[in-house]
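Enquirer: Residue numbers (the numbering used here), protein chains in the order written: chain P, 1 to 113; chain G, 1 to 111.
Careful, some of the hints might be misleading.
[To be verified] Okay, derived cross-link-like pairs now, DSS-like style, lysine-lysine, Cα gap no bigger than 30 Å in a straight line:
| hint | chain 1 | residue 1 | chain 2 | residue 2 |
| --- | --- | --- | --- | --- |
| 1 | G | K68 | G | K58 |
| 2 | P | K14 | P | K57 |
| 3 | G | K71 | G | K37 |
| 4 | P | K57 | P | K11 |
| 5 | G | K22 | G | K58 |
| 6 | G | K37 | P | K11 |
| 7 | G | K57 | G | K68 |
| 8 | G | K68 | G | K37 |
| 9 | P | K57 | G | K71 |
| 10 | G | K37 | P | K78 |
| 11 | P | K57 | G | K37 |
| 12 | P | K57 | P | K78 |
| 13 | P | K78 | G | K42 |
| 14 | G | K71 | G | K58 |
| 15 | G | K68 | G | K22 |
| 16 | G | K57 | G | K42 |
| 17 | G | K42 | G | K58 |
| 18 | G | K71 | G | K22 |
| 19 | P | K78 | P | K14 |
| 20 | G | K42 | P | K11 |
| 21 | G | K71 | G | K57 |
| 22 | P | K57 | G | K42 |
| 23 | P | K78 | P | K11 |
| 24 | G | K42 | P | K14 |
Since the hints were derived computationally from the structure, they do not count as laboratory data.
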Amino acid sequence: GAGVSQSPRYKVAKRGQDVALRCDPISGHVSLFWYQQALGQGPEFLTYFQNEAQLDKSGLPSDRFFAERPEGSVSTLKIQRTQQEDSAVYLCASSWGLAETQYFGPGTRLLVL
Amino acid sequence: GENVEQHPSTLSVQEGDSAVIKCTYSDSASNYFPWYKQELGKGPQLIIDIRSNVGEKKDQRIAVTLNKTAKHFSLHITETQPEDSAVYFCAAARTGNQFYFGTGTSLTVIP
Chain P
1 GAGVSQSPRY KVAKRGQDVA LRCDPISGHV SLFWYQQALG QGPEFLTYFQ NEAQLDKSGL
61 PSDRFFAERP EGSVSTLKIQ RTQQEDSAVY LCASSWGLAE TQYFGPGTRL LVL
Chain G
1 GENVEQHPST LSVQEGDSAV IKCTYSDSAS NYFPWYKQEL GKGPQLIIDI RSNVGEKKDQ
61 RIAVTLNKTA KHFSLHITET QPEDSAVYFC AAARTGNQFY FGTGTSLTVI P
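Chain P on its own, in the form it takes in the complex (with noise of 0.2 Å):
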């Protein structure tokens, strides 16, 4: 079946610019995460949904970053006004439920200039 799959694969911006991230999970998968993975380093945890509440936010870096999931499968993650510091990899997982094994999509790599 399908995996995970994000959009877009590469996105460059301006710093400055707003950017979107989308998730679409697994079928089926209620729960959601966001990571954000910094040039060699381990995926860092960002935010969390269960179907459509996020139910934790606790790694967001700034409030320029929202994340949301409104009816309970696709997830978009926002990036206001991007700084240099934001440029990442930025990962998306499903899983069936929290501390079940997480299946992640292949990433946005995002690049602000």
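Given the structure of chain P, go ahead and fit chain G onto it with the hints provided.
Expert: Frame of chain P; chain G shown alone:
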């Protein structure tokens, strides 16, 4: 929160040899420990996982061991092949919490 440390950061082995990657964690309440393989330009892919009620798990050439007392777990790859070359991440999680990842091990298998 949880702190996961992973060693070594880079590892080179000859094809056919074994590779071992070790991780330690700090939160004794963590009860789920997955390992992911990440190839260049791709997302992490789960290769094996273990829960805290099990000490060892094996899947063909890959095995994971867990020592809850010492709070460490290891990935063992036997009979390595060039296609095993990738970055490997360990992670720790507990029910009701998110995954905490190690910093990764870049494995190179030399033909």
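Enquirer: Evaluate each hint against the coordinates.
Expert: Tested hints:
no., hint, in the structure
1, K68(G) - K58(G), "holds (18 Å)"
2, K14(P) - K57(P), "holds (26 Å)"
3, K71(G) - K37(G), "holds (22 Å)"
4, K57(P) - K11(P), "holds (23 Å)"
5, K22(G) - K58(G), "holds (16 Å)"
6, K37(G) - K11(P), "holds (24 Å)"
7, K57(G) - K68(G), "holds (14 Å)"
8, K68(G) - K37(G), "holds (23 Å)"
9, K57(P) - K71(G), "holds (27 Å)"
10, K37(G) - K78(P), "holds (27 Å)"
11, K57(P) - K37(G), "holds (26 Å)"
12, K57(P) - K78(P), "holds (13 Å)"
13, K78(P) - K42(G), "holds (21 Å)"
14, K71(G) - K58(G), "holds (19 Å)"
15, K68(G) - K22(G), "holds (14 Å)"
16, K57(G) - K42(G), "holds (26 Å)"
17, K42(G) - K58(G), "holds (25 Å)"
18, K71(G) - K22(G), "holds (11 Å)"
19, K78(P) - K14(P), "holds (15 Å)"
20, K42(G) - K11(P), "holds (15 Å)"
21, K71(G) - K57(G), "holds (16 Å)"
22, K57(P) - K42(G), "holds (25 Å)"
23, K78(P) - K11(P), "holds (13 Å)"
24, K42(G) - K14(P), "holds (24 Å)"
Of the numbered hints stated above, none is contradicted by the structure.
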